[in-house]
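Listed below are the residues making up each chain.
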Amino acid sequence: MPMRRLLPALAFAFGLPSVASAADPIRIGVIAENSAISGIAIPNAAAVAAEEINAHGGVDGRMIEIVAYDDHNSAVDAVRAFQRAANQDKVHAVIATYTSEVALALEPWAGRLKIPTITPGAASDEIAKRIHGDYDHLKYFFHGYLPSAFLAQSVCDAAKDLLTDSKLKMKTAVIMSEDAAWTTPLDAGYMACLPKVGLQVLDHIRVAPDTTDFTPIYNGIEGKKPDVIVTGISHVGVQPTVQWANQQVPIPMFGISSQATSSTFWKDTNGATEGVVLQLVAVDTVASTPKTMPFAAAYIKKYGVTPAYSGYGAYDDVFLIADAVRRAGGTDPDKMVAALEATDYQGTVGRLQFFGKDAPFTHAIKYGTDYVSGLVVQWQDGKQVAVWPPAVATGTLRFPSFVKVAN
Amino acid sequence: MLGLQILIDGFAISALYGLGAIGFTLLFGVSGVLNLAHGGILLVSAVVAWLLADQVGAYGGAAAGLLAGMAMAFATFLLVVRPIQRSPAIPSEEKEIFVLTGTLLWGIMIQEAVAYFTTTSPHTVRPLIAGVTVLGGVRTPTNEILTAVLCWTAIGLLWLLVNRTRAGKALLAASINPRGLTLLGFELQRIYLLVWAIYGVLAGTAGVLLGAFLGVSSENAGTLTASAFSIVVLGGLGSVAGSLLAAYAVGYLETITAYLISPSLRTVPSLLLLVVVVYLRPQGLLGRR
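Those sequence lines, one after another, are chains E and G. The working numbering puts the first residue of the first sequence at 1, with every later residue one more than the last. The working numbering puts the first residue of the second sequence at 1, with every later residue one more than the last.
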């Protein structure tokens, strides 16, 4: 038997993969903190997306393969995982982190190793601004979540309708945010837009992320007598919420509270989150797009909890990458970047398009009613009830009895 | 008003610090063990109480947390400390450092296990009593008052045990002269078991109360150990009264700093105090040596 014919036969006999078999899978590295609510949602949601794409035959016959890494919320671990993903595991794209500090550390590596990378949950404005400032090197990075400036705008837009123009007639606010990279632009945004919607900012408190006792902080806030506490918290969440309820701080909390985006937050706080109002990009009970609720249902079925905010992003990002590979006709990184820049895709959080090279927020997703606008929910009886925008609202604001608001 | 608020908050947090630290100091005084898994044990108690409160209610959860604290204390003793103390392969002069390393690593294992099973997010134990009480115009969570009362009850019971019972007096004797105690026919191993049991109750109670008062996360385990350690060093290693004094010094310094200066500088002055005390009076405030 000629050698040429013998080899495939041998390969078959030993179960070796044949050289000309089905196309190579598209490997997507997923780097996130597995032991945090907002972190674990990223690989979990990416797995749901990959299963769906593969069940429909993959991308041009190529299956999606998720390679997950735990970065322990450390920039060093994340960079190491990224290098391993690129050099050893030969991934074609990466979806990474909900922490801005980690995303900023990965950004240059995406350029150096030429791996198209999307963050589904980090928020700092710096991510997109750096791409704008050094496009040729950093163009491989995409900001798949709203930058802090847009988040602040979203909270202010909601505050106008819900707090100042409503029967609550609020006039004053204190900003309480954690000391982190993502809140610096968020707070600047709040300081600029809250007065414009009629909320005078009486004080601005930045909380150390390792704070455990919030009593002195609430005591100081109460002394200023604001109508509302506007929050910017993500890495802290349980303690300020529980202590707010236990101490019966009579001022409502309104703003961003990332941990509260997952259903596990109710149990984590023993229900103390009742009455907390928060902005998010999608929720399992509201059909922001036709894809939102089916994804949330699939996620809940698989993991028993609702996805944290970063889960919606990670799910969409897998589809964005698959879509880009399809349009680019393969996994060449530069062609993928060009394809991602031309993205126009309806995801779970809205219509996804990235800003271009010349926009100040290069490669950030677009904010607005035609794109991703976010919504506001309030925790009521263990559920997140949508209260804004009016088009999707299923309930109205209702605060626990210890919160004093005008009625 | 602010003064009263500081007085109330400082009292409750100091009582909790005291309860957390006296078990740690007692263990060292009686058996010479510095248990660096201390924070991990507090953590497990709090997390068990949090997890089970849904099924068995707040009180059942708290009881389960207390039992978990005891179970973890015994596990630490039987799986980590005693094998090292009995090992013929470790020279006796190196045993202390091995116990130190062993409990440190055990603490990290506990911390990682809790992070793996329940995430690094903080958990808060459901308060035993909900609601607030107004004390002289200061709105105080009723559970905070209960925390201070329970801490002092536990401390009082410990005092009675040590000073009024035969077993307690044996504990005291073991801390002063273990060799003399064995000559009198007491078995040191049984005394060690007793002190670990008492430690388990104290640590379990402190863990559950801490979980309800401030909440705990797996990332706090190291900080909790460090905080107990520094209070104990400040008060004098092995001195229960010294630990209580130090707990109040640290608790009030932290509270005053948080209210009057800035919450983010909370721990700085008490750490400076520790440096000063270690420099000027290395045996601690009430240390014997």
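Keep in mind that the hints were calculated from the coordinates and are not lab data. There may be inaccurate statements among the hints.
Stated by the list, open to error - Computed footprint of chain G on chain E; a stretch qualifies when at least three of its residues, placed anywhere within it, have a C-beta under 8 Å from a C-beta of chain G: (1) 29-42; (2) 202-211; (3) 244-254; (4) 265-272.
Ideal placement from N, C-alpha and C gives every residue a C-beta, glycine not left out.
Cross-check of the supplied hints:
{"no.": "1", "hint": "29-42", "result": "holds (count 5)"}
{"no.": "2", "hint": "202-211", "result": "holds (count 5)"}
{"no.": "3", "hint": "244-254", "result": "holds (count 3)"}
{"no.": "4", "hint": "265-272", "result": "holds (count 5)"}
The structure agrees with every numbered hint stated previously.
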